[in-house]
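Undergrad: As they're listed, the protein sequences go chains D and X. According to my numbering, the first sequence is numbered sequentially starting from 1. According to my numbering, the second sequence is numbered sequentially starting from 1.
If you are wondering where the hints come from, they were derived from the structure by calculation, not from laboratory data. Treat each hint with caution, since some may be false.
[To be verified] Facing chain D, according to a computed beta carbon distance under 10 Å, are these residues of chain X, among others:
(1) R43
(2) L47
(3) L50
(4) D52
(5) M92
(6) L95
(7) S149
(8) V159
Don't be surprised by glycine CBs; every beta carbon is placed ideally from N, CA and C.
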Amino acid sequence: MTQAGETRCAALVEFEKLLAWWLGELPNAAEASLEEHLFACAHCTRRMEELVGLAQGVRAAVRGGKVSLVVSAPFVEAMKQSGMRLREYRVGPGGSVNCTIRADEDAVISHIGGSLGGVTRVDVVQRVSVGGVDEPELRLEDVPFDPASGEVLFIPGAAALKAMPAHTMRMRLVAVGELGDAPLGEYTFVHTPQ
Amino acid sequence: MPQDSPFAALDDGALARRVAAAGGSPDSAAETELYRRLAPRVRLYGLRHLRDRHAAADLVQQVLLMTLERLRAGGVREPERIASFVLGACRMTVLEMRRGTRRREALMEAWGDRTEAYEAPEPLVLDPDRLAGCLEALSERERSVVAASFFADKQADQVGAELGLKGGNVRVIRHRALARLRECMGGTP
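Whole structure, please, built from the sequences with the hints as guidance.
TA: This is how it looks when you write it as structure tokens:
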């Protein structure tokens, strides 16, 4: 909608193009042309502000531990470079780890090892048990993984984790292929609150 | 801006002409309105090219105060093309800021005590809890791509290299995920 005093938008820019501008994906000439449009078009400026608000909100959600994520090693590096305080655990197939998160820590990174060579899709199946009572099983489908390092990097939502009582999380990595599921490993995280 | 505002009928160019016509007796209401309209555009440019909200705020201040001063002094040749003038000033200033020839302290010394009359609209801030819920509703792959794209503002090819995907696939996943996020957040078409 055009607001009072606004020049009507001559040609609404596609959201995908606004996104490409924000991420620096446009060639120079296209970038310059889009900037000319943005400076003359209050409507597209508002749409761009919405996109930037979304980008900044996503960053804040990650920093604030409001979402769980499966990420890459460079992402973990970017978290460290941004000043986030991380606690990291490494666990291999059949392994168990005692874990926690302190109030002044921003995230826990679980390095879940497995033999991932030749695997095309990995699902993570997790079940949390509190006081001996199992919660429903949760399946995270088609998560990112690095076959070379043989790791899935899982980040639970830190805000929720800090609020949880002592619990155990059992996790399975499953390779999904044309012939069905093939187990890659089982892992146990025994969490004690600080 | 309310529909009954005295500036409702004026586009940016007409508003700039009005500021310029006032000359040495500044039309503070018109200047304030022009500042209010242009500040979000300059801020976005600054955020995109400087990736720092403080630097972007400095850019808004410097570019728009210089623009108003030039308008008053008759130094803008085509006030009706004020948007192009401001974009040019942004490009020049960002280049200087990157080269380090204009430090923040120098900017503040030049323009820092002259902002009382103008207020830039607050940047859009989304409801963090609602956004977190919308993010959790995405698939794992979508959430990973969105987080990788925006946490450090990475291009599709970089995100693809990190997640074992082709850049084109990242764009498709990103597009779908953002559409779902915007719908979940009640976005603008």
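Undergrad: Report the numbers of all earlier hints that the structure fails to satisfy, in ascending order.
TA: 3, 4, 5, 6
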